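Trainee: Here's the letter readout for the chains.
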Amino acid sequence: MTCQDALRHGLAGGPMPAEAREHLRACPACARELSELRSMESRLAGAAPPALLPVDLEHRVLVRVRPRRRFAWAGIPAAAALLTASTLMTAWLLLSSAPAPSSYSAPPPEVSMGAASLSAAEDTTANLLQAFDPLTAQMVEVEPEEIQEVLSPTEQGGWHG
Amino acid sequence: MPEDQAAWVEQLKAGDEEAVRELVRSYGGALVRFLGGMTGGAAEAEDLAQEALIRLLEHAGEFRGESSLKTYLFRIAHNLALNYLASAPRRHEVFPEEMPDRPSAAPPPVKQVEASEDAERLRSALVRLPPQQRAVVILRTWQDLSFKEIATALSLAEGTAKAHYFFALKNMRRLMEATP
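These protein sequence lines map, in sequence, to chains A and B.
My numbering puts the first residue of the first sequence at 32, with every later residue one more than the last.
My numbering puts the first residue of the second sequence at 2, with every later residue one more than the last.
Simulated from the structure, these hints should not be mistaken for lab results.
Incorrect hints may appear among the rest.
Which chain A residues stay away from chain B? Per the calculated CB distances, all over 12 Å, these [as the list claims (entries may be wrong)]: (1) A57; (2) C58; (3) A62; (4) L68; (5) T115; (6) A116; (7) S127.
No more than 20 Å apart at the CA atoms, straight line, and that leaves these computed lysine to aspartate or glutamate pairs for EDC-like [what the hints assert, rightly or not]: (8) K171(B) - E89(A); (9) K171(B) - D36(A); (10) K171(B) - E72(A); (11) K149(B) - E64(A); (12) K71(B) - D145(B); (13) K149(B) - D36(A); (14) K71(B) - D36(A); (15) K171(B) - E64(A); (16) K14(B) - D36(A).
Partner residues aside, some chain A positions facing chain B, computed with beta carbon under 10 Å [said to hold, decoys possible]: (17) L75; (18) G77; (19) P81; (20) E89; (21) V92; (22) L119.
Predicted model, so just to flag it, every value in this text is computed and none were measured.
We put the CB at the ideal spot given by N, CA and C, even for glycine.
Make a model of the complete structure from these sequences and hints.
Mentor: Structural data, given as structure tokens:
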């Protein structure tokens, strides 16, 4: 057994192997070294600062841990509500943009004074669109290229068409 | 500290607030002391102790119970300390002595001053040790961990932990002799 091994056994605490004990008994240099190292060991133990718990550590840990847990649980109904809302919105958009079936009769165009409203339904036979004429208070048929003019008021405040 | 560690760990996994408080109260002070010795700074020690406790709570689900909660916590703290030491410039700040019970008006007795000065010199020398040796010495002499526990906490073989301890004490002696 080397000096170093004997010293390591001597510092490890607990029962020492017989070989190490014998070495330390026979080697005065190792015995002295072990005594000095043990002295250092106890000085170090005495130099330990008190294990004081910082007053706010408990609070600091709880503050960091709490919100995430609360958020995790609170997030589930919020995510479910968001998913439901987005599903309903998508369904509504799909239904409202879908072409009307052949048996479906389009409602009459909505009209209001001072504004023109066009029928969304295209007249495939005459390629004409309907517009409200405020002068005659009747629906009139117009060519598609006239739509812009019909929709735009003139500088005099009147309407083309 | 709860006697039934397995039940305690289950409570921690479930986020039981009282179990968390108990964890901080049981190990907070020891962690701050260990990290103070490792980093040499009180503020850093508190921040890292907080981080270690939070990491343990975040990873409580991974705790298999193969080691004690204490050694698991010291392992986290040790890794945090090594990361900190790798990123921060080398410090020689002395871990401040906290003596809340000492009256400020009356001067302390001579023997107490000498002991206090010696303790300060020892702690100054301690932060100059290589980090692994420092960790082993602190866990052994300040936390009274066995070499088996130290080996688990630092992911070392038990023989390696003993070797680190031996060289750490030799280095401490040399450093103390070199410091007037």
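Trainee: Is the nearest Cβ of chain B still more than 12 Å from the Cβ of A57(A)?
Mentor: holds (20 Å)
Trainee: Does K14(B) pair with D36(A) here, judged by a C-alpha cut-off of 20 Å?
Mentor: violated (44 Å)
Trainee: Beyond 12 Å from every chain B Cβ: check whether that's true for L68(A).
Mentor: violated (5 Å)
Trainee: Given the hinted pair K71(B) and D36(A), is their Cα-Cα distance within 20 Å?
Mentor: violated (30 Å)
Trainee: With a cut-off of 20 Å on the C-alpha distance, tell me whether K149(B) and E64(A) pass.
Mentor: Between K149(B) and E64(A) the Cα gap is close to 24 Å, so the pair fails against 20 Å, i.e. violated.
Trainee: Against the 20 Å threshold, does the CA-CA distance of K171(B) and E72(A) hold or violate the hint?
Mentor: Within the cut-off at roughly 10 Å; holds.
Trainee: Run the distance test for K71(B) versus D145(B): straight-line Cα separation, threshold 20 Å.
Mentor: holds (12 Å)
Trainee: Taking the closest pair, is the beta carbon of T115(A) still more than 12 Å from chain B?
Mentor: holds (28 Å)
Trainee: Taking C-beta pairs only, is S127(A) more than 12 Å away from all of chain B?
Mentor: Holds, since 45 Å exceeds 12 Å.
Trainee: Is the hint on L119(A) kept, meaning its closest Cβ partner in chain B is under 10 Å away?
Mentor: Violated, because the Cβ-Cβ distance from L119(A) to chain B comes to roughly 34 Å (cut-off 10 Å).
Trainee: Min Cβ distance, E89(A) to chain B: is it shorter than 10 Å?
Mentor: Holds, about 5 Å.
Trainee: Can you verify the interface hint for P81(A): is its Cβ closer than 10 Å to any Cβ in chain B?
Mentor: holds (6 Å)
Going down the numbered hints, you'll see the structure goes against 4, 8, 11, 14, 16, 22, while the others check out.
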